[in-house]
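Let's have the full structure, built from the sequences with the hints guiding it.
Residue numbers (my numbering), protein chains in the order written: chain A, 1 to 328; chain B, 1 to 690; chain C, 1 to 313.
Source of the hints: derived by calculation from the structure; they are not laboratory data.
Glycine included, C-beta positions come from ideal geometry on N, C-alpha and C.
All the pointers check out, no bait thrown in.
FRET-style restraints, in silico, Cβ to Cβ:
no. : chain 1 : residue 1 : chain 2 : residue 2 : range
1   : C       : T128      : B       : P288      : 41 to 47 angstroms
2   : C       : V21       : B       : K359      : 31 to 37 angstroms
3   : C       : A43       : A       : P274      : 30 to 36 angstroms
4   : A       : L243      : C       : V157      : 46 to 52 angstroms
Here are the simulated BS3-like cross-link-like pairs (lysine-lysine), alpha carbons at most 27 angstroms apart as the crow flies:
no. : chain 1 : residue 1 : chain 2 : residue 2
5   : A       : K224      : B       : K359
6   : B       : K385      : A       : K224
7   : B       : K135      : B       : K122
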Amino acid sequence: MTRRGASAGPTPGLCARASRGDPEWNTDRGWQTQVEAQGRQGKVSGGDVRGVRLYWCRLARRPAALVGTVVFLTIVLLAAIGPTISPYPPNEQDAEAPLEAPSGRHFFGTDQFGRDVFSRVLSGARGVVTVSGLGTAMAVAIGVFSGLFAGYQRGVRSEIITRVYDLLLCIPSLLLAMVLIASVGPSKVNIVLVVGILYTPNVGRVVRSVVLDLKSKEFVEAAKARKERRGYILFREILPNTLGPLMVESAMRFSYSIFLVASLGFLGLGVQPPASDWGLMVSDARDFLQLAPWMLLFPSAAIAALVIATNLMSDGLRQITAPAGSAG
Amino acid sequence: MLRVSDLSIEYTTEQAVLPAVRDVSLDLANGESLGIVGESGSGKSTLVMGALRYLPANGRVVAGSVHLKDQDLGELSAADLRRVWGGQVGIVYQNPLGALNPSMTVGRQLREVATWHLNMNKRQGDNLAREMLTKVSMPDPDSVLKRYPHQLSGGMLQRCIIAMALMTRPALLVMDEPTTALDVTTQAVVLDLIEELKAEFDAAILYITHDLGVVARICDRIAVMYAGEVVEIATTRELFARPRHPYSLRLLGCIPHFDLGPQKRSLLTIPGTIPRVNDLPPGCVFAPRCTFAHEQCLAASPPLVDIGAGRSSACLRWAEVPDLIDVAHSETDVLGRRSEEVPGTADLLVTADVCVDFKASGRSLEWRRHKGRVRAVGGVSAFLKLGQTLGVVGESGSGKTTFARAIIGLTERSDGSVRLRGHELAPGLEARSPQAVRDMSMVFQNPDASLNPRHTVGQAVGRPLSLFRRLRGKALEGEIERLLHVVQLPSDYRGRYPGELSGGEKQRVAIARACAADPAIVLCDEPLSALDVSVQGALMNLLMRLQSQMGTSFLFISHDLSAVQHMSDWIAVMYLGKIMELGPTAEVMRPPFHPYTEALLSAVPVADPDAVQEGIRLSGAVPSATHVPPGCRFHPRCPRCLGDQCRVEEPPWRAVAATHWVYCHILPEELASNQFGIREGHAASQREET
Amino acid sequence: MLIFIARRLAMVCVMSLVMSVLVFGVTQVLPGDVTTMVLGQFATEAAKQELREELGLTRSLPVQYGTWITGFVLGDWGTSISSQAPVFNLVMERLRNSLMLGFVGLMMFAPLGILLGLVAGLKQNSWTDHFLSVGSLGFIGLPEFVSGLILIWVFAVQLGWLPASSAIPAGTGFVDAFPKLILPGVTVALVGLAYVLRMTRASTVEVLRRDYVRTARLKGLPVRAVVFTHILRNALTPTVTVIAVSIGWLVGGLIVTESVFGYPGLGRLALFAIQRRDLPLMQATTMVIVVITMLANLVADVIYTYLNPTIRY
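Pasting the structure below:
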């Protein structure tokens, strides 16, 4: 007696319910993803959801990543429109109202100079997002080029690039940042440059390892057999395949750079007062911990929210773009 | 002893619920060996693993039962099930290296079975392990016990796994494609071993494979699976003599037989593709691809019925299933004639003494001894004629892939010459003329890796068109469509990505890409190895048709001797970097031949239970190019080694006939007198009569 | 094996040398005149010049570098400009403190991280796993100054259980310093825990995919044998490597934590030196941190090679 008809049924909705795990020890998840892999290869295939829609489905089923992405986008949006919605200019001091608790007038309270903490947090968002964003973009740009080159060519030049990466990665990043900022002075541009230099090796390493992996694949060999130019092979054949890991790494670097910029601000090596840098605000808040805990709370919450959101988003990206067989 | 009744298994994936196995019933008696044959997606592994109740979290048995020695496996607790797995079932896996823990010694992994299931202590466990290794003819068991898996060869590892499976003298032995990952000669030895152990251990064997030749040797009965259902069960002899299901019939017809006649015939194909398991046709699951289907077949799925004499078939029209011979005769055609021209200066491609050296990596002492050089190809002289196919056969380490790469320029040769149409080709690609680059292209073994996952099919095929033939716009589109048509893919595949294609479809795209610029030579490096049997047949037909239509020459590399002899006009047999024998197909497959060719022919599993093969077996493992033996490089394993002469002197390249050479010290007359190659049985003689 | 270690040590030496050049180069670029900082703004030019000569700043750069690097290798690290104490003693004192803090942190996060990561990997996609994975992402995201200050606020200010400041006088022993090491240790451990947990989880998941786990299960081995003998052994290898690498971070990267708690560690010393433009101190501190990081990487490589038979044999 066939039960084929009963089991197949209508394709349950756009995104089928994911399998809930077996609560006891289950030591063979790998097979589950093998079946998924076969499904993608059209052997034990599922429905016809492909391409971008597939990614949306997967994102939708991962609440953590979804939350992260939403929060991230919200903060970026707020950073962009900050000046327009800010109730007070961030540096406007109000001698009448220092250290006021959060209220209808001052959502996040005021600091020791009577400045509105909410406005300062908003304007700080702008600073941190811009600096981190530009720094990460720079790291990605240089990292991609150097990583492609270092991975593909064998020879002295790529060895040097790899060694430079190793060298830069040998130093704890905050220490290196401190030394560099101390040399060139803490301006916004310098911080962007420092972030860029600091994180280029990470991006470069990731790209390099993907290139090393792809270099020996047959489609690259086929291109070589057609005597394609190196530029074509690197940019048209290999680069598109690095986008997955690259996106994940970029998101991670962005989150680290927020961390870094905030830490530099905390140590006094970031943008100087009276700028409303979140790290700086936290550092100021130390002295008023008992009196005005909101001075600490809101900038800290902002930093934490942005970093955590970016982490969740990047982790979600990693899961979504992971090749078959490496789920989780 | 093992009874599977109406078993159905489902998987729940991201996108749908997949009924992977449906209503399967099987019986296995003590001491019997049942082969489960099917292509990918047939559900054979799922069936067996599910029967043992070993499924991943998203799989479950939705109906039916499995009884092992009258015990219902579905009713057992997890602990009891583990006891059954350890004590009563032994499993041999497909990939021996992956199946063993890389950070534990082999001995320890064997001992575990004894200490946990047989209540032995460490010493007793070790003794039992040693005893089992001796039983599987492992040389020097003590040293093997102390080694780690990566230090042993594939054949030795598989023997260890067999030993491990048999340690508890299980009632049921499950073998999941155990020899697929091994070389042909190693496979033959392992199959010999399995036959011996069958007799000694009296376990019931469940043998999963896609290779009908292996099943013909090992199994008493065969169950054929298709898309999650068992479609036929019969004894081996009966199935090969007269299959009673259209799928079994066609499957048998897809296999190339050893045919030494002058004609190149196409193989039977199965039209269409294996259905997706969540998109099954109503009625008989094979009906959409079946040429005998009637209305009743499309209405409801036929059950597996007993058709007498212990046979079952899931075809409503089983009694009318025609003879394979007739179907083959009517549905296949002659695609060409094997050529036997004398090679000369007019040859398209001539290689002379091509050598390829690699710098050895690694820190071992041998590296220093060889001055850091590994000679992967040691002087190969061959030729390729216009519009013909040269088949290159060899096992791993023979250097056949390296040789092909040296011809096309991907690997630079260290010595020798390669001439295309009389002009010498530079070792590397940079120095070659655009015409020379265009004239050669390659099809690779791994369909997943030969297409860029980020390029559509249209982009992949279009690149050589725009690069070499400078086509643009409408002309380009038109040509892409034509090429897709030639490789029998629908034109809407242009916008698809490789991830959406099956293995066979990807390989077709690769062939289309290789032929796009109209090359003179296409080098095919094991293009079929990763594909299903029916897909292999279809692709072989495609290649032969392309050759007759476009006059392309092929260099066809494979370890599969039957495929090579089916497609090729000429055959070169390679071993450890040198050609052992070169000649027209028919002559190479007939005595006199080189002892290595003889061993290969003895070892290759033939899909005919009545075939008689010489029992030549090679001792030892296939060596690597870092240790090339002096004199004749084959001498350590050669069953006909003459002694000192073979050990010290390099053999001459002796002409056995006008166009047939053998690289051996033994005189052709002596070889001819005591070799007999393959004699196929009843089915083959029937074929020859038609 | 020994050859391997020797080669890597040689590599470390070469890289340290290159780093020393970089460190020296960077410190030369620092704006701000040392002499002004020491003598004050109103010092005469002559006095400044005299100080410069005394400090050796008038010699050519290569000579200065040469003197410095030879001194460094031989153990003479000069005198701190801002505190007039021998740099060597200062650095060693701080190094000891950093090692103590690092040890406490490591003990807190390493074993727990491995255990939780293993659990998360084994129960992949269950609620436990989601909780642990997402939670660990959260902890990674919490900057140390945030978590540190919150801990101070809760445990020191509100509850009063632990001291708010971890400043310890020079020469304090481990046992005496321990109460003051707890809160900073926890701060550090929160971040480290997240990393180790995620790394272990990822490698556990990876190992579970492997065929030999299936073989082990189908051999009928009990769960604990499968987990501890087969899975853990292989899953632990990348994790242990990561832990070894983190030693570098624990020694020199805890600048923020040390600042929050006022703990006299190596990171804060580096910050102090940079702010004061105290060249000898800065150079020495940076070099020590860098060399220790490189040695930690070396240890990680050696451990990895040792644990992985496919490389060893």
